[in-house]
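Trainee: Given next are the chains, with one letter for each unit.
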Amino acid sequence: MVNRWHSFGVVAMLFVAGWGQKSVSNAAPVDFSREVRPILADKCLRCHGPDDAARKAELRLDTEAGVRQAFAGGDLATSEAWQRIQSSDSDLHMPPADSGKVLKPAELDVLQRWMESGAAWSGHWAFARVRRPELPAVDRQDWPRNDLDRFVLARLEKEKLAPSPEATRETLIRRLSLDLTGLPPTLAEVDEFVRDHDTDAYQHVVDRLLRSPHYGERMAVEWLDAARYADTNGYQNDFDRSMWPWRDWVIAAFNDRMPFDQFVVEQLAGDLLPNPSQSQRVATGFNRNHRTVTEAGSIDEEWRVENVIDRVETTGTVFLGLTVGCARCHDHKYDPIAQREFYQLYSYFNSVNEVGVFTEKVGNSLPIERLLSAADKLRLETLDRKLADSRKEFERLRGDLPKVIEAWQAAAPSASSLASPATPVLVVPLAENANATNAVGEVIVAKEAATSLPAFVEGTLGKAASFEGKQAIEFGQAVRIERDRAFSCVVWVRPAEGGAIVSKMDDSQATRGLDVLVKPDGKLEVHLIHAWPKAAIKVVSKALLPRDVWSHLAVTFDGSSRAAGVSVYINGEPVSAETAADTLTGSIETDQPLRIGMRSNSQHFRGRLRDLRFYACALAQGEVTAALRSALATLTVSEALSDATKRSELERLYENLPGTELHQSKGAVQSLELEKKQLVDAAPTVMVMEDLLKPREAFVLSRGRYDMPDRKQPVQPNVPAFLPHLPDGAPANRLTLARWIVSPENPLTARVVVNRLWAQFFGTGLVATTENFGVQAEPPSNPALLDWLADELVRQNWNLQAIQKLIVTSATYRQSSAASAELTARDVGNRLLARGPRVRLPAEIVRDNALAVSGLLARKVGGPSVKPYQPEGVWVDLGGAAQRVYQQDHGENLYRRSMYTYRRRTIPHPAMTTFDAPSWEICQVKRLNTNTPLQALALLNDTTYVEAARKLAERVLTEGGASPTERVALAFRLATARRPTDAEVTALMAGYSRYRKNFSDDPAAAKELLKHGESPVPGNLDATELAAYMAVSSVILNLDETITKE
Amino acid sequence: MDVITDREPANALSRRRFLCRSGLGLGALAANLLARDDNMLARGDTVRAAPSATNDAAGEAEIEPRLPQRVKRVIYLFQSGAPSQLDLFENKPRLASMRGVELPDSVRQGQRLTTMTSGQKNFPIADSLFKFARHGKHGTWISELLPHTAKLADELCIIRSMTTEAINHDPAITFSQTGSQLAGRPSLGSWVAYGLGTENQDLPAFVVLLSRGTGKPGDQPLYDRLWASGFLPSKYQGVKLRRGNDPVLYLANPTGCSPAIRRQMLDDLKALNQLKHDAVGDPEILTRIAQYELAFRMQSSVPDLADIADEPAHVLRDYGPEVEKGGTYARNCLLARRLAERGVRFIQLYHMGWDQHGNLPNDIRGQCRDTDQPTAALLKDLRQRGLLDDTLIVWGGEFGRTVYSQGELTATNYGRDHHPRCFTMWLAGGPVRGGLDYGQTDDFSYNIVDKPVELFDLNATLLHLLGVDHTRLTYKFQGRDFRVTDVHGRVLHEVLA
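Listed in order, the protein sequences are those of chains V and R.
Counting from 1, one number per residue, gives the positions in the first sequence under the numbering used here.
Counting from 1, one number per residue, gives the positions in the second sequence under the numbering used here.
Hints should not be assumed to be uniformly reliable.
[To be verified] Once the Cα atoms are required to be at most 30 Å apart in a straight line, the calculated DSBU-like pairs of lysine-lysine come out as:
| # | chain 1 | residue 1 | chain 2 | residue 2 |
| --- | --- | --- | --- | --- |
| 1 | V | 1007 | V | 997 |
| 2 | V | 997 | R | 270 |
| 3 | V | 361 | R | 121 |
| 4 | R | 476 | V | 104 |
| 5 | R | 270 | V | 470 |
It should be emphasised that the hints constitute simulated quantities derived from the structure, not laboratory data.
Use the sequences and the hints to build the structure in full.
Mentor: What follows is the structure, given as structure tokens:
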């Protein structure tokens, strides 16, 4: 039985060798950690792993004791596990059929050889502390350029493979430029490097690129994926937010060569550092980048919990390479992380001073940091000084107020002796009852409109009419309103939700007539309508009537039939107003009565009114002020109020009297306050971490559900027990966690980080499962190299550039990426590194490269995100209630680097998605690299690339010498950094001639083709020529080589 | 055993690279497509057993054993916003006498409510304003709002006992379409494309069509994630078919670039890429050449698909007048049939506008006007062409709606809040048992009293019909084998003949 399996395994291996490599050497010792554990993890740990609840037969294969017991120290005959694996009895066979897992012959072979060599156990490689490996011995001493190469070469020599020759200088400088700045080299840079035979030439290029401001941009690309950075909140209506200041922090941190340990500490816990700088607080935006719910009806705690869980999962993946999220609902199936430990990590992030649902909220959610520029700060200081002076002056004047009022009251004329500005045609006191008096003093008895008359309630201005939305008063035809008749209406108003104060309007006749109404936001609207909306005046005040506060309101109309003839005064002062309609023709008379409190059938008023007066003329400003004075004199402040309240009410009214020194002073204070508010409001904000003073309690959530906290299992912040412990006495907060993550004892962080760096340069990490270093991870292709780099990173004080320099100056990196068929077959994914990297560019850089090559690229670093070309309707197709239109930018913003393209998570820019950029909804540390027809369509037809082809054509026509051959060669060189071969020139020239002929036969098509894109077409170039070179350029921009780093 | 050879992490790329080397010519490569290519290549591999698929085209996923394939494709008619089961399918005659009566606590059982109604003081029962009648041989209850659908009652298996986890739209739609409330998982269509590939050489395996309802035009938005490929390679994401001249993004040549010039450009491009391949040997270049050829073919196959000029008048009449307008549900139903004919594997329609918190009676009429006739026409059309036998149709939204009124209940008006506990969906086509009522809710359509069906069960059944055991369609990510049904899912054998 065993033998049959065994020989089958060997046969299978020989076949597999075809797409793998050499046959397996049976003599090679089996490494438990790299070879056996992955098999056990994949096939067995679901039922025999760390999850107590799922464990079958009390057997654990994730611990040394369990493995020894099951595999009997390698004794095939007595090992229960081996017997079960071999059993043909379906009840006994392992793994069981319903697990969907089958041990492949090659895996059986590994297990058997491992057992035969004694079934030794060792811990998981990634959880063991990094120990600096010895430099391996190599035969070819002349090849390594630094120690890194010795690890690679040792492996190659073991495989009997030779490294590839060094790539050409053109290829190398393009590779370096794209890798370190995400931009292609200029031809001058290429030429200089090709000519420079100094031994340090390569080093100089590397140093120059590492100092480039675009270095930080290139490095940020992967970090933004990991940090799920975007410009919208990501759920449902997906409103705007502004996290770009955090994004700019990242770019600056890379450009400033911030050590990685500091980079981690500031992002996870910058707010908890002693006296944190603003920059350190901005850094904590990292853990506010997660999505936030705004959908109405959502349950707050449910989504607050999701915020916290997202932070735990992201932190686990990005820094530790652990899939901690698996332990949300139960103990981890593979890694030694108990559910309880998940919630210990959770409790580090659980105390942010936040809510879970910001219903329909646009923009950033608290806590936020506001970012003022240096100039803004200076202006703010000046404003504050001025404001302090103004306030002092105001207080001084106000201090005199009681005396002033006393004098004023003593001198106050009686109501009758007041020189009234004009005689009102209708006075409605609205104090004791609803009745009015007309110009000659006759009483007009009010009629109930709506359901009832308003109640008259005591308040700060004495009694006033209170409207609850169901009351109104009618006065028949007491006043006449027409478009050529002047009128004024003066009233005290204290709006609650607003509505029509007064109207003479017919809802059923295209709302013909007049109304004065308060909108819910406090704006005042005046309508004079013949037929809405064609023949009407509509004026909307910019100032607001405050809620639940008395204001004195006057509306005047000069009978000009024009909106300009309407004036609005609040507390005696004219307020500016917008004209929303100014098309009044035709009569506005109606047979509807004058109503207080509603229109004929709508706009029911809520709030209080007092002392409404109608005049048959347009009061001048002075008259309005006089009316206010008169009103003040006749108003009685409620007797029911205490003296103090009465006094303060009088004072408040007096303050608002225009023309007084006090009023002017108050105006000065207010305008300074407004200026300050506008300045502060205009400054960008970023969401940051900020904890509650008292931490929120955290519990294990049963089955991971927000509404099932297990009150018997409260948790305190802590780290998983299988990893190094926290220092004694360290505070239980994020700062401790962050420092623990970057402590030299932590086995994961440095490995995870150097692995991601490696992947940036070689396309695949030394550990291919960049996102997972747990026991289900793919073992490293070169474990010693991984550990050596990790150790080096810590030794170099977490200086990322030191590692990057090591990588890019290595002989390994400098190899040519061309591969023979044999090498491709032997090592499809280039995991042995017998050649240089050849990888399609990331989505952003595919586009940036085209922009740079064509000369369109705008090189500005940082700032708010931009909206370049996007096919029409992409947002409209999906948007529901939150219909937003994609407002495409113009000018420079069309050509900014793609990392600045606006990131709407629910509808990412299609050109980005097509080239495998994520949607930034959740943390992602690895992009897949696909090759699809949609990519071809985008590169051929997207305006971005059509325009880039046009600009490239222009460039070669103006800079490319006289002959077509020189010109096509220049276009090719700009795109690839190398000169085309003869065969390539022939192909390009054949194409050029045909396009030229085509376009000279059809010059209209040429002209049409040149129209794409918003950049201008120079008038001095021949359209046919330009179009022909444009077609050539488009072919060149579509080359596999152009979008590939070689 | 070496990590480099054996533990390729579901790495299609490497297989593709290997097989290119193994001598498959450009012609074979050019025949590959979106979801298809890797599989074609995989089957060129003499070492590995060919997947035992019953179909000519199988996807990239290694799934063994394959089950008998009962349907070849799926048309999913997603009614976004959540249609009211109480006004369309759930005839609850007891409610008439309880109109305006407070919903008893014994029915509510403390179930959670959205915060839109959790603060409401009263929960008055709102019986439906619409009449119900029995239809088909089995006398299935269907509302007067769906007269065309009702005529096809014998084709439908109406599942009245659907239930879901989420209570708000975004998570609920995401859950329905990806099996998780949170972002990041592949959509159902992506899983199917990954598992089964496509039958058509010139079209994507997974196509998405969107329309906006007239009932409530400013309703729930939709999100790219609903048809995204999550952690699966992005070539499996749904391709949106849009109205207008550019049905697939970037499909049309820029004006001024004639098809003749485009062809020349592609020939030049191919020649140059081939030279590059000869020099550096990267098989990825050959794939790129093939993808450009496919892109070129899509430039004619997609407009051909979208151009309905060849449809006879009587067919158009069946779908109703809206079919003449691009971007309507009616047009999309017709396109769904055209896609089905062309062998597209997963055809996903979304019709927005069902979120009727208020003014339900009026708004739902609009939604039914949009959808009833075209849905029925699609079934009929497929039946007449013999396509219904191997096509599964799924109709339904993300959750149900409450029996109590949200907001004021008047003689002619009411609204209904979200209700995840129970809702109605229907299936048709393939071996689905037409004329079957499955599952039952209580007198209030508030709780399920018989045969609850989870969305996981529905998805498991859907894969089962396509010939895939849902527990075997997995993808390793973050060290774990992910499935569209997670650790859940039961095939609903009872609804299948």
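Trainee: Which hints, by number, does the structure contradict?
Mentor: Number 5 - this is the single hint that the structure violates.
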